[in-house]
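Asks: Both chains come to you apart, so use the hints to assemble them.
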Amino acid sequence: MTLSIDDIKRTARLAQIETSEQEAQQTLEQLSAIFELIAQMQQVDTTDVAPMSHAQDMVQRLRDDQVTETDQHLLFQSIAPQVEADLYLVPRVIE
Amino acid sequence: MLNTSLKQLSSLLAARKISSTELTQIFLSRINNLNPQLNAFITLDGEKSLAQAKHADEMIASGHSTPLTGIPIAQKDIFCTQGWLTTCGSKMLSNFVSPYDATVVSRFNQAGMVNLGKTNMDEFAMGSSNETSYYGPVKNPWDTTAVPGGSSGGSASAVAARMTPAATGTDTGGSIRQPAALCGISGIKPTYGLVSRYGMIAFASSLDQGGPMAKSAEDLALLLTVMTGFDEHDSTSLQRETEDYTSALEKPVNQVRIGLPKEFFGQGLHADVASAIEIAFAEYRKLGVTFVDISLPNSSLAIPVYYVLAPAEASSNLSRFDGVRYGYRTAEYRNLEDMYRKTRAQGFGAEVKRRILIGSYVLSHGYYDAYYLKAQKLRRLIANDFQEAFKQCDLIMGPTSPTVAFNIGEKNNDPIQMYLSDVYTSAASLAGLPGMSIPVGFGEKSRPVGLHIIGNYFQESRMLNVAHAYQQVTDWHQREPAI
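Note that the protein sequences, when read in sequence, are chains A and B. Mapping to this note's numbering: the first sequence position 91 is 91, numbers consecutive. Mapping to this note's numbering: the second sequence position 1 is 1, numbers consecutive.
Rather than coming from a laboratory, the hints here were simulated on the basis of the structure. Note that the structure is predicted; figures quoted are calculated from it, not measured. We put the beta carbon where it would ideally sit given N, CA and C, even for glycine. Errors might be hidden in some of the hints.
[Stated by the list, open to error] In the DSSO-like style, the derived pairs of lysine-lysine whose C-alpha atoms are separated by at most 27 Å in a straight line are:
no., chain 1, residue 1, chain 2, residue 2
1, A, K9, B, K342
2, B, K17, B, K7
3, B, K7, A, K9
[Claimed, not checked] Footprint (simulated), chain A over chain B, 3 or more residues, beta carbon under 8 Å:
no., region
4, 32 to 39
5, 91 to 97
6, 305 to 315
7, 349 to 356
8, 374 to 386
9, 465 to 475
[What the hints assert, rightly or not] One side of the interface only, derived from the structure: several residues of chain B facing chain A at Cβ under 8 Å:
no., residue
10, G193
11, T236
12, R240
13, K251
14, N335
15, Y340
16, G432
So that you can see chain B by itself, here it is in the shape it has in the complex (with noise of 0.2 Å):
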């Protein structure tokens, strides 16, 4: 049962031959036997899972379920779950208990999904390695010595666990492709304003972009089209018809051609990476897709457009924290503004200040042209490389991540360092596009690798249906680590 599809949870559930509160019992107790071990998960609430799943077994009873109705899934604890403690891994809100629903998490209540808890990540978001959590790092189970990846590094854990059967992610710069991969399994950030940001905890605004994790394409495919559609609540949701991402899963691939920039295969990159990304491409040669050399030029600047622009925005968003109408307050102060300064200080760690007073310092005066401005304009270049790109292939592929998951406190000293572990990724950000990773193999230390697949704006049918055409060929997918 915790390798099993969602396709097939749902056959299972539909023709009762299991119940969603049996389904539950089970995930809920392999929690209880790893997340010890694991730190996958900041709070679990058994009672509430199950009260969630007794509704889930009344709505199939009464026929009124829906394909995902009486699964279980984990919710990252950026979305804010009314009832939940929900602290987006800081101190500053260790006590906040979410007054109402995220859209993502109403939709898939909505749907019938069973929450089994918040999963663990870096604190607001901020890392790529789960190490900035307030509440403790997250460890790989492909190797507990190593990182997850972040900041859905919780979630990525969690579904190579076989905790849960899906969760959702987000991604500012890489948040859910680059745990996926160092975790071995599938994970999509859809085009930007595909899925509603309401009650999605804001890091960088014009970045965020929420997405489900699972093991496959097909389930992905499955949560995707939930969790996507038009949201008053959030004024970047875009107006779109609603997409069925299931659809195309089965269409042949033989006429894709996709675009392998060269700046994604330079410097950089590892050998054990490149062996694995070059043997997936050999499977895909056999399918009949064709590759072409691209170039993005601009991409290498992404890095540093993108430690201008996200800081910027957090700097903004983050300076709701200051102690007055909820979260953690500090215990003593001598007026309001030192009450600012000391519930700040105490109340974030150490990669959330710095990348806040990087933002406020250039935001401030005199530095607004020379940095944000300039950012903006790279950002622009950046995005107008992609849509040069996309007029020789129809999908782009490389690396997710140049390394394979490095060992827990190797780079938290080295901001620099651990920023380049994103540097595959957040080009696709800056300009909004969707971005995927699928586990293709292993690399050094037997740690998993993963396929970077980037798709024009709305592409995410065709992404998911290439990644869909590789699993129905390999089973990396289906690999479990041995924990």
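Just chain A, with the same shape it has in the complex (with noise of 0.2 Å):
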């Protein structure tokens, strides 16, 4: 398969991430030679594999819905970039 430059530039979109033309003509390169070698997956047949998430087979433990974590907004917030009236600020999102 052929990566084309839309398809940079619509993942760089889904991603959140903005790129200039000349990134994404430079990523495209790179992805594609990336992507050739990824592509060496399909040499194994892979029929009737049960696919393998993760390195454990476990399953998520439960616990009592219980408050465990005591509030510490104040702390958190003195790290963020804007907050005002304990809220993270954003720019406005409806007008």
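Replies: As structure tokens, then:
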């Protein structure tokens, strides 16, 4: 399969990364080489193989539905870019 | 004092031959001398280190010490450390002072160890040469024109240059073992799930695993005993009995069967590395181990599989860095989306962006089955290969990396060549198996060679035992660079 410049731009949009025309072109070349390497995966027949999503076959632990963490919002917000009235500030979303 | 083992340091501290404060000062002064040249540390804070040392001295004086109390350790800058700048090697976190401690950091604090500083690393642990760090490349103390490996390059360089007796590292595809090999030190990546990932900044969550880096297997055993254990804050932390990894160090090794996968000795392995490994095997034969030929037929696909799965997980993990709650935010933006895009474009370096794009692509509509699912199926085959192999042997050995340390700048414009530096380490990572590297000599340009030891799940004690036996009859682990 061949990657196109539109694939790169679409993926960069999905990943929320601003990309200039020149960067997109350079990324296209590098990613094409990496996907050539990745294409080696197609050599092996994996019909009927169960996908392995994790190194350990384990189930998620359950715990009682109780509050375990204390409120530390002032500490956490002390390192935020912009805070007002205990809220994280971002540019206006709804006009 | 600089080249002393942790066990010896522990005895000296217990016998009051030296205080933790004095010991900490010795290493801080070594760091002050060498760090400008090697760039192994991103953040140093002598006052904080000495305050911890004072506390350790009080623990010793009051009889509340552990075997590691008062011994300095350096923390890879991927571990959140309360009150310390924790950058993960990225501009994105260049202003992030962590409000809490990673479990690994708390465990070492509780043991009374002294944090000497935060070590340099590839940005978000993505790299094999420590050249992707926002804070500049780390130099290899054996040859400052060479890379130290990565991503735990700062930790490896710091231990090799004797700027610290021990350090933490993390390993996703080889990030403890490869830099340990390239810097001539010992390092172990434990079985996935043994070391808590809480507060360890996530790269690829199903692969990331913390581990210790030090001079010898004996040092690693002491550190691993403190570092491992169940943590309710990590949903993938394993609930099992804690182990004392020092207890089996002295066991005889003459019954041990070592598997040599033919795939680890083929094309791509440089002759200087192959010959150092052969000499190490000869030493092991003298110790009475038996070698058996084995095969890991799917291991050649570990790199392609890794470069689908790790970026996929990274693209999801790194979506949290958006300039809203902490970290870098771009200075000028038109609206929220523009803020996200500019923040991420400016805050992440080239390799991180490359991997986020690979990950976003393989997870996007229409490509999931062909890439992500296919890679997960191959991951199963790679893991099964190891289980087949362990029917014939107790441990697996091979070279840690196909070459000795390469030159700074040699591979950073060629991602593929860089990726192949982890060709022998990534298969064990995908399977979640423990792996370690120990120094076994020198190759081209007198740069170090590492021996890779892979065990089955939870076989760390045996791996350390076999490594320790070798280190009892050789002195590679005690060699110091002339810097």
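Asks: All hints are to be evaluated individually against the structure, with a verdict given for each.
Replies: Verification of the hints:
1. A/K9 with B/K342: Given pair A/K9, B/K342 holds - Cα atoms ~15 Å apart, limit 27 Å.
2. B/K17 with B/K7: holds, 14 Å
3. B/K7 with A/K9: violated, 55 Å
4. 32 to 39: This one is violated; 0 residues, fewer than the three required, reach chain A with a Cβ under 8 Å.
5. 91 to 97: Our answer is that it holds, as 3 residues pass the Cβ test (under 8 Å) against chain A, meeting three.
6. 305 to 315: Result for this restraint: holds, n = 4.
7. 349 to 356: With 3 residues in contact (Cβ-Cβ under 8 Å with chain A), the coverage given for the region 349 to 356 of chain B holds.
8. 374 to 386: holds (count 9)
9. 465 to 475: As far as the region 465 to 475 of chain B goes, the hint is violated, because 0 residues have Cβ atoms under 8 Å from chain A.
10. G193: holds, 5 Å
11. T236: holds, 7 Å
12. R240: violated, 11 Å
13. K251: Constraint on B/K251 not satisfied, violated at 27 Å.
14. N335: holds, 5 Å
15. Y340: holds, 5 Å
16. G432: With a closest approach of 2 Å, the B/G432 hint holds.
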